[in-house]
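Chemist: Kindly produce the complete structure, drawing on both the sequences and the hints.
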Amino acid sequence: MKIPQILAAFLLTVGSQHALAAPVNDKEVQDLETRSTNTGNNAAGGNTASNPIEVEINVSYDSAVTFDADCWAMLCKGKPHVLRRYKETDDNRKATGSNANAEPFKKAHQAQASKRGVKVPPAPNQYSGQQPYTSAEEFPFASATQGGKGAYLFPAPRGAQNSQGGIMGGVYSHYGIDPYSKNAANNNGCDDNWYKIVKFTGSLGPYCKAFNNHINSATKPSECNSGTKVAGDWGFDVAEYAYEFTGPDFSYVGK
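So the sequence shown is residues -21 to -1, 1 to 234, counted in mature numbering (1 follows the signal peptide of the UniProt record, and there is no 0).
No lab work stands behind these hints: they were computed from the structure.
Note that the structure is predicted; figures quoted are calculated from it, not measured.
Hints are not guaranteed to be accurate.
[To be verified] Simulated crosslink set (DSS-like; lysine-lysine; CA at most 30 angstroms straight-line):
#1 188 / 175
#2 188 / 98
#3 66 / 56
[What the hints assert, rightly or not] For each label pair, taking beta carbons as the anchor points, the in silico distance ranges come out as:
#4 195 / 91: 33 to 43 angstroms
#5 210 / 26: 37 to 47 angstroms
#6 167 / 98: 44 to 54 angstroms
#7 178 / 26: 15 to 25 angstroms
#8 214 / 29: 15 to 25 angstroms
#9 59 / 225: 15 to 25 angstroms
#10 129 / 178: 20 to 30 angstroms
#11 102 / 27: 23 to 33 angstroms
#12 89 / 26: 21 to 31 angstroms
#13 226 / 29: 31 to 41 angstroms
#14 230 / 206: 38 to 48 angstroms
#15 90 / 194: 14 to 24 angstroms
Yeah, the Cβ is synthetic: ideal placement off N, Cα and C, and Gly gets one too.
Modeler: Here it is, written out as structure tokens:
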């Protein structure tokens, strides 16, 4: 069904709050909104997990390492690609959640992190613009109710995290995805908060390419095999740096 222009314009303005796994640059959000692809499903749906808004995510080159880690978690480890946008993102980063606030990949914390099961992250390189891989990428996102406890953590450059935050902010705004709050009083009129990631476009790493081809397949692709190294332009396999906080330590959950 074709969406009336007035309604479409309204939907593009909804979801102005961007609770993300990384800081959001408002200008970047505005620029990236035009790059998101509207599947036409944001006129209806989003109120339940069984009726989510279907979204496509356009990946920029500098954010590709973060999204590739997410694609591996969904494709190879069964993490959900039907998510519910969440308002209280900080709760998901605490020790009661993913414990991303512990910053386990930062150099200053590496001695302690090593004792807690985390190996030294990859060295800065050309892909990262010589930024260190010390920011903790989370999946499911901290901006999803499925985030927090049980989420996987991966090392990423801060610039990649910022870019990803802008892209997800644009997706939320473009598709009219409202944030769900644990405080019921904040949810009036904010019913469309469930979404389903159906496709990635743009500058994709190997796992996101495999996601597009195999996410609905009954069997996992060869990229998921423990003996298969899958490196993107960043020069390493993101699956070899995957951790989950199990308290008091981090458990390795990668290949």
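Chemist: Does each hint fit the structure? Answer for all of them.
Modeler: Here is what the structure says about each hint:
This hinted pair checks out: residue 188 and residue 175 have alpha carbons roughly 17 angstroms apart, not beyond 30 angstroms. For the given pair, residue 188 sits about 27 angstroms from residue 98 by alpha-carbon distance, which is consistent with the 30 angstroms threshold. A C-alpha spacing of about 25 angstroms is found between residue 66 and residue 56, which places the hinted pair at or below 30 angstroms, so the restraint holds. Between residue 195 and residue 91 the beta carbons are some 41 angstroms apart, a value that agrees with the proposed interval 33 to 43 angstroms.
Here the CB-CB span from residue 210 to residue 26 is close to 40 angstroms, well matched to the stated 37 to 47 angstroms. Take residue 167 and residue 98: their Cβ atoms lie about 46 angstroms apart, and the range 44 to 54 angstroms holds. Between residue 178 and residue 26, the C-beta spacing of about 22 angstroms keeps the proposed range 15 to 25 angstroms intact. Between residue 214 and residue 29 the beta carbons are some 40 angstroms apart, a value that contradicts the proposed interval 15 to 25 angstroms.
Distance hint for residue 59 and residue 225: a CB-CB separation of about 19 angstroms, consistent with the stated range 15 to 25 angstroms. Between residue 129 and residue 178 the beta carbon distance is about 25 angstroms. The supplied range of 20 to 30 angstroms therefore holds. Checked against the given bound of 23 to 33 angstroms, the beta carbons of residue 102 and residue 27, roughly 45 angstroms apart, lie outside it. The given range of 21 to 31 angstroms is broken by residue 89 and residue 26, whose C-beta atoms sit roughly 44 angstroms from each other.
A hinted range of 31 to 41 angstroms holds for the C-beta pair residue 226 and residue 29, which are about 32 angstroms apart. Roughly 21 angstroms separates the CB atoms of residue 230 and residue 206, a value that falls outside the hinted 38 to 48 angstroms. At about 39 angstroms, the CB distance of residue 90 to residue 194 disagrees with the hint of 14 to 24 angstroms.
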